[in-house]
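Listed in order, the protein sequences are those of chains F and Y. Here the numbering used here is used: the first residue of the first sequence is 1, the next is one more, and so on. Here the numbering used here is used: the first residue of the second sequence is 504, the next is one more, and so on.
Source of the hints: derived by calculation from the structure; they are not laboratory data. Note that the structure is predicted; figures quoted are calculated from it, not measured. Think of the CB as a built atom: it goes at the ideal place given N, C-alpha and C, for glycine as much as any other residue. It is possible that some hints are incorrect.
Claimed, not checked - Heads up, simulated DSSO-like pairs for lysine-lysine below, C-alpha to C-alpha not over 30 Å straight-line:
| no. | chain 1 | residue 1 | chain 2 | residue 2 |
| --- | --- | --- | --- | --- |
| 1 | F | Lys296 | F | Lys319 |
| 2 | F | Lys433 | Y | Lys815 |
| 3 | F | Lys317 | F | Lys296 |
| 4 | F | Lys419 | F | Lys319 |
| 5 | Y | Lys815 | F | Lys419 |
| 6 | F | Lys419 | F | Lys433 |
As the list claims (entries may be wrong) - Covered stretches of chain Y (chain F as the covering partner; in silico rule of three or more C-beta atoms under 8 Å from a C-beta of chain F):
| no. | region |
| --- | --- |
| 7 | 848-857 |
| 8 | 910-921 |
| 9 | 935-947 |
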Amino acid sequence: MTDAARKVNVTIVGGGTAGWMTAAALAKLLPTRCAVHLVESEAIGIVGVGEATLPHIRAFNERLGIPEAEFMAATRATFKLGIDFENWARIGDSYIHPFGTFGRGAGEPDFHHYWLRLRQAGHDVPDLENYSLACMMARLGRFDLPAADPAELASTFGYAYQFDATLFAPYLRRLAEGLGVRRTEGRIVGVDRDGGTGDVTALTLDSGERIGGDLFVDGSGFVSLLLGRALGEPFQDWSRWLPNDRATAMPCRTATALTPYTGVIAMESGWRWRIPLQHRTGNGYVYPSAFLSDDKAAEALIAAVEGEPIAEPRVLKFKAGRRERSWVHNVVGVGLASGFLEPLESTSIYLIQAAITLLLELFPDGPDTPLLRDEFNRLIDLEYDRIRDFLILHYHATERTDSDFWNYVRTMDVPDTLKEKMELFRRRGRVMKYREGVFLDASWIAVYLGQRVIPEGHDMRADAPPADALLKAMATFRAEVRATAEAMPDHLGRIASYCPMAA
Amino acid sequence: MTVTAPPIGRVLVAGGGIVGWSAAAALRKRIPALAVTVVPLPPPEDALADRIQSCLPPIINFHDDLGLTEADTVVRAGSGFRLGTAFEGWTMGRSAYVHAYGEHGRPFGTASFHQHWVRAALAGEAEAFNAYSPAAALARAGRFTHPAGPPGTPLAGFAFGLTLTPTRYHHLMRAFALHLGSVEREGAIARVRLAGESGCIEAVEMADGTALEADLFVDATGPRALLRSALGLRLEDWGRWLPCDRFTMAEGPADAGEPPLLDTAAAEPAGWRWRSASPLLATEGRLFSAAHAGAAEGVPLRQGRVAQPWLKNCVAIGDAAVRVEPLEWTNLHLAHSGIDRLVAMMPARDFNPVELWDYNRQAATEADRVRDFLALHYLASERPDPFWREAAAAEPPPSLAHTLALFRARGRLPFYEEETFGRDAWLAVLLGQGVMPRASDPLIDVVPPRDSAAAMAALRSGIAGLVPGVPSHAATLQTLSRQAAR
Chain F
1 MTDAARKVNV TIVGGGTAGW MTAAALAKLL PTRCAVHLVE SEAIGIVGVG EATLPHIRAF
61 NERLGIPEAE FMAATRATFK LGIDFENWAR IGDSYIHPFG TFGRGAGEPD FHHYWLRLRQ
121 AGHDVPDLEN YSLACMMARL GRFDLPAADP AELASTFGYA YQFDATLFAP YLRRLAEGLG
181 VRRTEGRIVG VDRDGGTGDV TALTLDSGER IGGDLFVDGS GFVSLLLGRA LGEPFQDWSR
241 WLPNDRATAM PCRTATALTP YTGVIAMESG WRWRIPLQHR TGNGYVYPSA FLSDDKAAEA
301 LIAAVEGEPI AEPRVLKFKA GRRERSWVHN VVGVGLASGF LEPLESTSIY LIQAAITLLL
361 ELFPDGPDTP LLRDEFNRLI DLEYDRIRDF LILHYHATER TDSDFWNYVR TMDVPDTLKE
421 KMELFRRRGR VMKYREGVFL DASWIAVYLG QRVIPEGHDM RADAPPADAL LKAMATFRAE
481 VRATAEAMPD HLGRIASYCP MAA
Chain Y
504 MTVTAPPIGR VLVAGGGIVG WSAAAALRKR IPALAVTVVP LPPPEDALAD RIQSCLPPII
564 NFHDDLGLTE ADTVVRAGSG FRLGTAFEGW TMGRSAYVHA YGEHGRPFGT ASFHQHWVRA
624 ALAGEAEAFN AYSPAAALAR AGRFTHPAGP PGTPLAGFAF GLTLTPTRYH HLMRAFALHL
684 GSVEREGAIA RVRLAGESGC IEAVEMADGT ALEADLFVDA TGPRALLRSA LGLRLEDWGR
744 WLPCDRFTMA EGPADAGEPP LLDTAAAEPA GWRWRSASPL LATEGRLFSA AHAGAAEGVP
804 LRQGRVAQPW LKNCVAIGDA AVRVEPLEWT NLHLAHSGID RLVAMMPARD FNPVELWDYN
864 RQAATEADRV RDFLALHYLA SERPDPFWRE AAAAEPPPSL AHTLALFRAR GRLPFYEEET
924 FGRDAWLAVL LGQGVMPRAS DPLIDVVPPR DSAAAMAALR SGIAGLVPGV PSHAATLQTL
984 SRQAAR
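Model the full structure from these sequences, guided by the hints.
Shown next as C-alpha cells:
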C-alpha cells in the first residue's frame, strides 16, 4: 500500500497561497499516498494584497505543525478579532462582526432575543456589541489569547490573523520543500489530455519540459488554467448580485493604532479595506467598473487612506462566481481557479482551506474516485453558495440612496435562499440554523443588526424572566465584559511580547 | 412597513397522553404568557409515542429544560436507566451487537477513532467495535452511574436514556403541566370548526355543545390526527423501507432484581420482537408484515410522516406528525423535538408562511434521517426469510444511499442537518451489522498500525479498569431514591 509505485503523482499548478498551502498539506498529511510536484512561474505575481483571514486558519496551521509565533513573525501578522463595518446601512454607522458570541454563547434562546425583548419594550439598552467580549476587545484595541475553560468569559471569542500573503507562500514553500515537494520553475504553454477519458495527462512548459501526473491541482488563480481554460468548465456568474469586479490596492505606512480588527468601509461605489500588519497597512478599494472608473477609484483611495503610501495604486480585475464544478476529471480547482468571492468577509483563504481539507478527506483512490469527486463538489458548492448569500446581505440590507451603486444593490432581486433567511430574521430574530457552514449564528446576527435589519419580534422564551431582573443581569454582564477586556494587554504590546517580526 | 401581528395568547392541546401533557408543560414553562388548555383525549393504541417505554438520551435535556429532576422523572415516576439496545439475529452468522449510547473510542493521531478500528478490522485484528463503548461495558456488567470525570476519561463520554413506567410518567407530566397552570377540559371532541375565509381552525366543538376557541391548536391525538386532518393532510409513506405494518404489545410486572440496562430487539422471520423493562413494568412487543406473517392480529401501523405537520394555525406533534415503528425508540423523542421546535419557533398570530415553512423543513429533515437510520437496520440485514430478503433488496432513499456509498468506500459519514443519531450511533449499527468500508481513510497512514493497536488496547483497558468500581443499576436507583426522600 505504501509502495512508491502506488503513490498518486499530484501536480500542482501555481505557486501562490493556494498552491503552496495544498502542497504543504498533501506532503505533510498524505506522505504515503502521494508525491507532490509544484509548477510555478516567478514571472507571474501573487494576487495577495495583505490578507485578512478567518479563525479556521489556526486549525490548518496546527495540523501542519506550524508554530504560531514563528508564523506570525515571518508573515508580519497581527491578531484579528473581527471586522469593523463602517457606513454600510447608513453613512456614519459602524458595527463589528466579531469572531465571538453575544452573551456567553450558551443556553436557549440566544442572547440577542433578550436584548431584542428589552429594546422592543422601549428600554434604553446599549448596542448589542457591548455584550460581546470580542467586540469590546476590538473597540478597546486589546488582545490576549482566549481561555480554554468554557466556563470563563475569556473563552467566548476566537481570533484569526491579518498577514502579508506574499510572505505566507514562501513560508509554506520552505515547509513543503522540506517535506519532499518538488518544484519546477516555468510557464505552462500546453496542456495534454487523454483522447478517451478527457483526463489531463501532462503539462508542457515554456522550456519544453513535460510534466505528467495522475491528479492535477489548479492553483493558477483567476486565469484557471486547467479547470477553466483546458477543461472549459463553465463559470456561474454571480455579478448580478455582487457587481464589484475591480480592486485597486495601495499599501501605506501605519499611521494610527494597530487595530486587532480589519476595517471595511463602504464607499460611494463599493468598499475599502484597511488591514493593519506589523510593518504596514494594506488598503484597497473594491468597486464595480460599471459604476466607477479606475481613475476615480484610485483618487478616492488616495484621498481616504491614513499614512504615507508605500506604492502606487495597483488594479486587479475579477468576477464574482464559481465554476459549475470544482473537481472535473482529474483536475481539482483550489482557490481563485475554482471561484471568486470578493474579500468582504475574508473568505479567500478559508475557501482554499476548505478545498484542501476536502481533498485530503476525499483523496482519490481507484474505483471510488467518481463518488469521492461528487462529494467534494457537493460540499464545496455548499460553502460557496452560503458565503455568497452572506455577502449579498451586506449590500442588499442598506438604506443608502446616495449613489447609483447603492440604489442598485438595495433594490436588486436576491436569491430565494437569502430572502427566506432575511424574512426569518425580520420576523423574530431567528437565524436559519445549519450545523455546517463557515458563518454561524453570531455572524449573521451581527450583520443583520449592523445592517439595520431589525426584527419585529423575538423568541417568546425570552419573555420568561421578569424585566427588572433581566435588566440587572444584563448590566452586570456588560460590566464584566468591559472589565475583562480592560484587563487585557494592548494589541501592539501583545504582539511585541509574542511574535514581533524580525527587525 | 408591516404592522406587527399580535402574539399568540391561547393554545389548545388536543390529546391527553404523555405527548399532550408534555407539550402543555413545556409551553407553560418556557412561554408563561400562553394560556394552555388541554383536552385530555385518551391516546389510542396506535399512539406509540404515548406508549413506548424506552427513551433516547435527549429526554434528559427535555427534563432539564422543564426543570424536572431525577427525583421526579426517575424515582417518583418509577423509571430506570438504559444504555442502549441489543440487536439479535439481524445478520445471521454474525454475533449479536449492541447499539450503546455515547462515544466509541476517542480520536487520536490524524483521524477519528473508527478509522483506526477499520484498518485493524480489515487486517483481521480488531475486537468488536462496541468493546470501545463504555456504555456497552457498563450494560454488560449490569452497572450504572452518571457520566462523570474529566473530558477524555472513559466514563465521561457515554450517554444514557430512560425506561419509563408509562402510567406513572403520564401522571407526573399531567400533574406538572397542571401545576404550571395548564387547564384541563375533559370531554369528547365532536367537530373541528373551520373559519370560512382563512380555512384556519376556529374552534373545537365538544360533545356537550361548548366550543373551545384558541389561536393555536396543537394536535397530540396520535396517528388519527383529529385536528390536523381537518385541514387535509398527506402522508409521505415509508412502507418501501420500513416493511412492518402491524404490531402487538403486552405489558406485565417487571421481574424482581436488577432492571435491564439494554432493551432487546430480535429479528424474526417476518419482523422483529422487543423486550424492555423499567423497575416496575416489562413490555414485550412484536412488529411484523401482515402479508409475510400470514397474520392479521395486532394493531395496524402505516409508517411515514405528514408532509406539512404545521399548517395554518394547527401543528401536529408526535404520532400525529410522524408514525414510525419503535425500532431505536424514536417515538417520544420525535415528539419532544417537535415540542422544543414549537416553543423555539412560536410565531405570531398571522402564522407567517416563512416561519411555518422553516418549521416544516426542519421537521421533515429530522424525520427523514430517522427513517434512514431505521431503514439501515433492514437494508443491512442478512437473513434467508423472504421478508428479510425483500427488505435488504429495497432501493435505499437517496440520502441513505449517499451515506452507504461513502461509508462503504472509506468509512466516511457525510453530515446531514437535524440528525437524531450522531456518528457513534451510525457507526455502532453500520459496523454492528457488518457494513465494512473497503479501505480505511488515507489520513491515518501516517500513524503506524502498531501505535493504533497500543492506543486501542489502552482504551479497552481504561474501560475495563473502571467498570468494576461502578455500582449496580439497582444500587444506583436505591441511592437516588434515598436522596429524593431526604
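Status of each hint after checking the structure:
1. F:Lys296 - F:Lys319: 20 Å, holds
2. F:Lys433 - Y:Lys815: 23 Å, holds
3. F:Lys317 - F:Lys296: The hint holds at about 16 Å.
4. F:Lys419 - F:Lys319: Distance ~23 Å between lysine 419 of chain F and lysine 319 of chain F Cα, so the pair holds.
5. Y:Lys815 - F:Lys419: 21 Å, holds
6. F:Lys419 - F:Lys433: 15 Å, holds
7. 848-857: Answer holds; 6 residues pass the 8 Å Cβ test.
8. 910-921: It holds, with 6 qualifying residues against the three required.
9. 935-947: holds (count 5)
Checked against the numbered hints given earlier, the structure satisfies every one of them.
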